[in-house]
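Read top to bottom, the protein sequences are chains A and B.
With positions in the first sequence counted from 1, the corresponding number in the numbering used here is that position plus 1.
With positions in the second sequence counted from 1, the corresponding number in the numbering used here is that position plus 262.
It is worth saying that the hints were derived from the structure and are not from the lab.
Note that the coordinates shown come from a computational prediction; the quantities given were computed from them, not determined experimentally.
Idealized CB from N, CA, C, for every residue including glycine.
Heads up, a few of these hints could be off.
Said to hold, decoys possible - Simulated restraints, written as ranges between beta carbons of each label pair:
(1) 84/A with 305/B: 44 to 52 angstroms
(2) 410/B with 12/A: 51 to 59 angstroms
(3) 293/B with 106/A: 26 to 34 angstroms
(4) 614/B with 13/A: 20 to 28 angstroms
(5) 55/A with 614/B: 34 to 42 angstroms
(6) 406/B with 13/A: 40 to 48 angstroms
(7) 305/B with 97/A: 29 to 37 angstroms
(8) 84/A with 412/B: 47 to 55 angstroms
(9) 108/A with 644/B: 36 to 44 angstroms
(10) 434/B with 104/A: 57 to 65 angstroms
(11) 57/A with 305/B: 43 to 51 angstroms
(12) 427/B with 113/A: 51 to 59 angstroms
(13) 2/A with 641/B: 33 to 41 angstroms
What the hints assert, rightly or not - Here are the simulated lysine-lysine pairs, DSS-like style, with alpha carbons at most 27 angstroms apart:
(14) 64/A with 673/B
(15) 532/B with 513/B
(16) 513/B with 416/B
(17) 597/B with 64/A
(18) 459/B with 440/B
(19) 662/B with 311/B
(20) 19/A with 53/A
(21) 597/B with 19/A
(22) 603/B with 662/B
(23) 574/B with 311/B
(24) 64/A with 513/B
(25) 674/B with 19/A
(26) 143/A with 83/A
(27) 574/B with 459/B
(28) 458/B with 576/B
(29) 532/B with 574/B
(30) 86/A with 143/A
(31) 19/A with 458/B
What the hints assert, rightly or not - Below, a sample of chain A positions facing chain B; criterion: calculated Cβ distance under 8 angstroms:
(32) 8
(33) 41
(34) 50
(35) 65
(36) 66
(37) 67
(38) 128
(39) 130
In case you want the letters, here they are:
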Amino acid sequence: MDSELRELYQQVILDHNKSPRNFRVIENANHHSEGYNPLCGDRIDIYLDVKKGIVEDISFQGKGCAISKASASLMSSMVKGKPVKEAEKLFEKFHDLITGKLGNNPDIEELGKLAVFAGVRDFPARVKCASLAWHTMINALKEENDIVTTE
Amino acid sequence: MDVKVETIKKKFEIYDVEKIRNDFPILSQKVHGKNLCYLDNAATTQKPKIVINELNRYYETLNSNVHRGVHSLSEMATQAYEDSRINVRNFINASSEREIIFTRGTTEGINLVAQSFGRLNLKEGDEVIISAMEHHSNIVPWQIICEEKGAKLKIIPIDNNGEIIFEEYERLLSEKTKIVAIVYVSNSLGTINPVKKIIDKAHGLGVPVLIDGAQAIQHLKVDIQELDCDFFVFSGHKIYGPTGIGVLYGKRNLLEEMPPFMGGGDMISKVTFEKTTYNQLPYKFEAGTPNIADTIGLKKALEYVNQIGIDKIKDYEKGLLDYATESLSQIEGLKIIGQAKEKSSVISFVFDNVHPHDVGTFLDFEGIAVRTGHHCTQPVMDRFNIPATTRASFALYNTKEEVDILVNGLKKVLEVFS
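For reference, chain A alone in the conformation it holds in the complex:
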């Protein structure tokens, strides 16, 4: 496999694509939003159970490419148990990472497992795939129940 391609499709991403974490519906979710990428027709539903500013539970459902599915899966495992404010901050960092704003040597520690998405910066057409779940989560947290699009 080409090295640039291997950088994009890291084993962690392939694993999360194959067996996504938190891939379910939260019946009593107090936050929910639907995300849509008109470019590829992908849809995602994000469910959150937030209590006292803490994300007690988070899950997702939907159809998408490996990048978008793995991103939703990793996001859910990273955000679970964290304060909403921290989740929002993490999104900013993540967005900077995939759009190449952190350069070639991002601060891995702060990003944790999300660092596997660094390869996305070389594929501008795939930034939307990686960010759809995050945009949708931020929207759900704001309790805007409209459909989010990445356009």
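Got chain A; can you put chain B on it based on the hints?
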């Protein structure tokens, strides 16, 4: 390899595809270090050298405005521009060049008819019939005018093979129907619709028919007088011509009645602040300075296709389609979307566990260009309950070796995602 594939292979021996490939400079390009394998021809086709040279020749020796100047350059440019119109007329066998209107492309042609014909003929309670396999460009313009006029859009459903259900079409046709607008060849399914039958049926009730020929003109012989359609639209860039130039054919009596689509220079015969009289056909529908260079380039593209022969192209591409269908069907887990009996050289497919976007990115690294997504036909994706497909579409310069490259590329993708 089985017997069927072997017989299909034999078909390729009579067509000098290597010679044809040499006419297209871009085909020798490398992508990610691999030979370009261009299988996105339903999106746009590559251009032969003679078209590229013609654009240069125009700008280097002819450039000036048409229908205006009395100087030599303007006269020569006007001549070349009008020659292209005659050439289009002959290519589609229309009865008069006055019925050939140059547009920016298929989308503009449909919008012109929807706005102009629609403004004149649609009223509350009227109906427009389209099919469930239309490109967004043959849906949205009709939605806009229907909403404005209080008319209704009626949709001919399609079956699991991706063919229209003709009995449903017959049921939808009524005295309320003011126009039928239907795609000749589906860009996402490859289905070739029985347009002659569709036109005849509508004419039985006196209803005019628009044919979206964007995916037909480069693959099939189009004879307007034989089809007897009322409008026919296509784009130059899908038949080896430049982008930004397209054609609207319309029957003279209908075009005469229709109000102008855009106002401006060239489309008038006399202007005062009290009243303007419009120019005759086709100029009534060509406001402003037209796309002269690309119109002249289109002539070369159509000549190129004629030189090879559209029927020979059709047979060759049918061979490619059969070979690709056979080869792709042997890949485990691959499902072809669109299995109509009559198909042009378009194959859409999906895998259970790999999304088209991932397929597209991996194939790109093999030098293979395919289209992934909904192909501007979201209702088709909804009909088959899928978000997207991977689409390989073949043109006159593709080879069976390229089909093999695609198959091998797909096998590599499946290894990674297994």
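Item checked: In rising order, the numbers of the hints this structure does not comply with -> Hint check: 20, 24, 29, 31, 32, 34 and 38 fail, others pass.
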